[in-house]
Amino acid sequence: MADDEKYVLYKDREEWKDLEPLSQDDGPFPVVQIAYSVEFKDCYDYFRAILQKNEMSQRAYDLTSDALKFNLANYTVWHYRRKILEALSFSLEKELEFVAEVIQDTPKNYQAWHHRQVIVEKLADPSKELKFTTSILDMDSKNYHAWQHRQWVLRHFNLWENELQFVDTLLRYDLRNNSAWNERYYVVSSTTGFTDEIIVREIKYTMTFIHRAPNNESAWNYLQGVASQRDLKDFPTVKAECFQMLESSVRSPYLLAFLVDLLEDEAENGNVESLEKAKEFCLSLETQVT
Amino acid sequence: MAKAVNDVSMPDDIGMREKLLLEKHADYLATYGNTEAGSEHDYEYCVTEYLRMSGVYWGLTCMSLLGQLDRMNRDEVLSFLRKCQCENGGISASPGHDPHLLYTLSAIQICCLYDALPQLNVDGMVNYVSSLQRDDGSFSGDCWGEVDSRFSFCALACLTLLDRQDAIDVRGAADFVVRCMNFDGGFGVVPGSESHSGQVFCCVGALALANQLDRIDADTLGWWLCERQLPSGGLNGRPEKLPDVCYSWWVLSSLVMIGRLHWIDKDKLRRYILACQDDETGGFADRPGNMVDPFHTLFGVASLSLLGDTSVGKVNPVLCMPQATLDRANVFIPL
Numbered sequence: 001m002a003d004d005e006k007y008v009l010y011k012d013r014e015e016w017k018d019l020e021p022l023s024q025d026d027g028p029f030p031v032v033q034i035a036y037s038v039e040f041k042d043c044y045d046y047f048r049a050i051l052q053k054n055e056m057s058q059r060a061y062d063l064t065s066d067a068l069k070f071n072l073a074n075y076t077v078w079h080y081r082r083k084i085l086e087a088l089s090f091s092l093e094k095e096l097e098f099v100a101e102v103i104q105d106t107p108k109n110y111q112a113w114h115h116r117q118v119i120v121e122k123l124a125d126p127s128k129e130l131k132f133t134t135s136i137l138d139m140d141s142k143n144y145h146a147w148q149h150r151q152w153v154l155r156h157f158n159l160w161e162n163e164l165q166f167v168d169t170l171l172r173y174d175l176r177n178n179s180a181w182n183e184r185y186y187v188v189s190s191t192t193g194f195t196d197e198i199i200v201r202e203i204k205y206t207m208t209f210i211h212r213a214p215n216n217e218s219a220w221n222y223l224q225g226v227a228s229q230r231d232l233k234d235f236p237t238v239k240a241e242c243f244q245m246l247e248s249s250v251r252s253p254y255l256l257a258f259l260v261d262l263l264e265d266e267a268e269n270g271n272v273e274s275l276e277k278a279k280e281f282c283l284s285l286e287t288q289v290t
Numbered sequence: 001m002a003k004a005v006n007d008v009s010m011p012d013d014i015g016m017r018e019k020l021l022l023e024k025h026a027d028y029l030a031t032y033g034n035t036e037a038g039s040e041h042d043y044e045y046c047v048t049e050y051l052r053m054s055g056v057y058w059g060l061t062c063m064s065l066l067g068q069l070d071r072m073n074r075d076e077v078l079s080f081l082r083k084c085q086c087e088n089g090g091i092s093a094s095p096g097h098d099p100h101l102l103y104t105l106s107a108i109q110i111c112c113l114y115d116a117l118p119q120l121n122v123d124g125m126v127n128y129v130s131s132l133q134r135d136d137g138s139f140s141g142d143c144w145g146e147v148d149s150r151f152s153f154c155a156l157a158c159l160t161l162l163d164r165q166d167a168i169d170v171r172g173a174a175d176f177v178v179r180c181m182n183f184d185g186g187f188g189v190v191p192g193s194e195s196h197s198g199q200v201f202c203c204v205g206a207l208a209l210a211n212q213l214d215r216i217d218a219d220t221l222g223w224w225l226c227e228r229q230l231p232s233g234g235l236n237g238r239p240e241k242l243p244d245v246c247y248s249w250w251v252l253s254s255l256v257m258i259g260r261l262h263w264i265d266k267d268k269l270r271r272y273i274l275a276c277q278d279d280e281t282g283g284f285a286d287r288p289g290n291m292v293d294p295f296h297t298l299f300g301v302a303s304l305s306l307l308g309d310t311s312v313g314k315v316n317p318v319l320c321m322p323q324a325t326l327d328r329a330n331v332f333i334p335l
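Line order of the protein sequences matches chains B and Z.
Quick note: the first sequence uses the working numbering, first residue 1, plus one each step.
Quick note: the second sequence uses the working numbering, first residue 1, plus one each step.
Pulled out of the complex, with its shape left as it was, chain Z reads as follows:
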């Protein structure tokens, strides 16, 4: 009996997209936000102000992997960052917005790219991050109390990059993450939530940063992860959902972290990722033929790096940062 599979259909011929269109992606990112009036990218740029810091992280990290970080304006970026540092040490998505753990991490990652951490109030950020840990070991995203295992990852990532893991209860943080582990080996947002590839990345990453990867059932999780691969070659976020290029990252990096990258069909996945390129505008979309954006562009390129494409820089699977950046910063995460 044939399985009714929720999937996209891959064209036999993807033309120019068979190759990684490196220059086109670099051009797309270099001009993002600067496009002429009336373009749809402009409107999108306008309405994504509430996540601007992460947008800058996606763009710059990808440019670094493409070997073209020097095309971006370092001084303007760092000046923007300084304006986003709030009184309580936390960092906002954009000037005038409230601080949040997500954007604090993105800011730190951007600073690392430019070897410019001292430009930020490091003690302030450490205090902000540690203030968000709750009694049960979990983290809120900000003072309003939303709890999510994503924030456990963000907190541990921030403090690893700042070399200040001592500021939190690492064991407690890891205990909470382990409580988010489900019967299928995967991880959800909070204990009991359905396993989801994005959350799996955050939880596995958090445990890697806490040096407690041995608490994972690697075989069961590995099986769940490789079952994300669909006939199109793409990966989905949970059973019966459509593939999306960003899941190439969440799933692939998780598999790398638990030593099971070989459980996936790499060739088919590579072809799916490449098919998500836009050969006119540059950039990657979630699925072949859809609209591109910087988020999917980063994860498309980073995934290809994880799959062994040497035309782009080597990426660290835990932090989604160029390995070279982490080497310079003396950040080492054992796997």
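Only chain B is shown next, with the shape it has when bound in the complex:
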């Protein structure tokens, strides 16, 4: 259905004359008819009819396209569309194009993304996926579905090669992008793992961003996540850098919280001075406004 063509109700289409449309069974609260739901209701009355008939045909497939455009989250329509795709062996590549359009219009829809995953898996072809998810992330760099699909593609098809670089580009653009920090952790843990060398590298990497924006929760969470793979006391340079930040009047609850955790580790190993310092920082966290 082209946008510039006048939309014709299914009840007025010659090629649908053979079918009796089915109205919705009224739920506990009867639906009241309103003007702009006429097209919606007409389309869905015909969808119910083909569903009941279990009709597998081109026209049924086209109908699901309309039904989805009216209501993208209707999971029953997506299911039925997949049944038709399989029964009639329709082109999955074309289907990918349809899903891409749908996602571009409504990027936060669960069903569309899951549908894409199913198609890509059937096709066993990830060649479009990184570019596609990048295009969605360009519009919204934190789109949860896009990241989830991307992670699935990386893992399923082993496409890790350029991902750290991709993450780095995103962080240089917005160092507060929590999704990008999460992706970094995902890539490292899925590839090299957190070896001693990698941990040192990652800590250094994170500290550069922390110096630029000490109040960035994501970077501190990442630092904590990486460093706690070992003992926090194994990183004397990090401790020194943190105390230096404190001395140059950096005020950040995350800085204090990190120091508390670090000092707590030391206190557990018998360091009384560390315990006292940790308590002092806790008090600061409680009383000071940052």
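No lab work stands behind these hints: they were computed from the structure.
Source: prediction; values computed, not measured.
A couple of the hints might just be wrong.
Said to hold, decoys possible - Derived pair list, reagent style DSS-like, types lysine-lysine, alpha-carbon separation capped at 25 angstroms:
#1 B:Lys-108 <-> B:Lys-128
#2 B:Lys-17 <-> B:Lys-41
#3 Z:Lys-266 <-> Z:Lys-19
#4 Z:Lys-241 <-> B:Lys-108
#5 B:Lys-277 <-> B:Lys-239
#6 Z:Lys-83 <-> B:Lys-53
#7 Z:Lys-314 <-> Z:Lys-268
#8 Z:Lys-83 <-> B:Lys-41
#9 Z:Lys-19 <-> Z:Lys-268
#10 B:Lys-122 <-> B:Lys-17
#11 B:Lys-122 <-> B:Lys-83
#12 B:Lys-69 <-> B:Lys-108
#13 B:Lys-83 <-> Z:Lys-314
#14 B:Lys-142 <-> Z:Lys-241
Keeping the supplied structure of chain B fixed, place chain Z upon it in accordance with the hints.
For chain Z alone, kept in the frame of chain B given last:
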């Protein structure tokens, strides 16, 4: 250096909204779907048919918490439920739709409100839920295979309410949920996915139902959760996102489940939630001044209950159901 905070700005004076407008919310829910032709609520009702069962659960649960469940039509609701039970035991969002774990849970929760579980095919539902568990312990939402930690919660919740946890591999289910735990203490949709408040609720809830809350790093998660609170007092879903009233529920109930409710500034949060009321139409929106809907109305009221508001019924933090309902059903979840 001031932190660039993504947040809403709260007005100094929220007028009538300073109080919980209980009667207005009850009126809003009692007439939802029945409003006159041409209203925007009508269109919204029309296009949300694909989640109707959950919509009914939100409305009825909230009415129960507001003490006005009797205004709703019990017989019509139960008749609607029976029409949604599918051959394979699963329950659909609405007649004619396919069965799904989400709507199976909502249906069971609705039945509990009315002490009417025997009206459904319990064995059928148990079989349906257990058929959705995969080899790695996770659950699909339906036969099409979408995996999400939300569905682990749904499965465990269904079987707890039906007293049939024996039908699944509970340890395996909990193992999968633990694999969804991230470096920041939070939980995502599947292993590796970014921590998100909604998923945290589902995962913590699932572990509570499986009696394995001790597998959580409560201090780290508690810190992550209380960092969801913004200067406006509202809570967000993940770092650098805007607050939303539904996160009051996901975050608050999680904190209750891990014994750290006191880590949040309750007064500021209460004020944010109240500001999300619509003092003309009743109902709650995600943010002050936005359009209301039953989803946010339930979670607004339920969150106030968790914060200690005694003008509404006590809510169970694990299942978001009236505690009284669970007491009658002899469902006890240790925390």
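In rising order, the numbers of the hints this structure does not comply with: 10, 13
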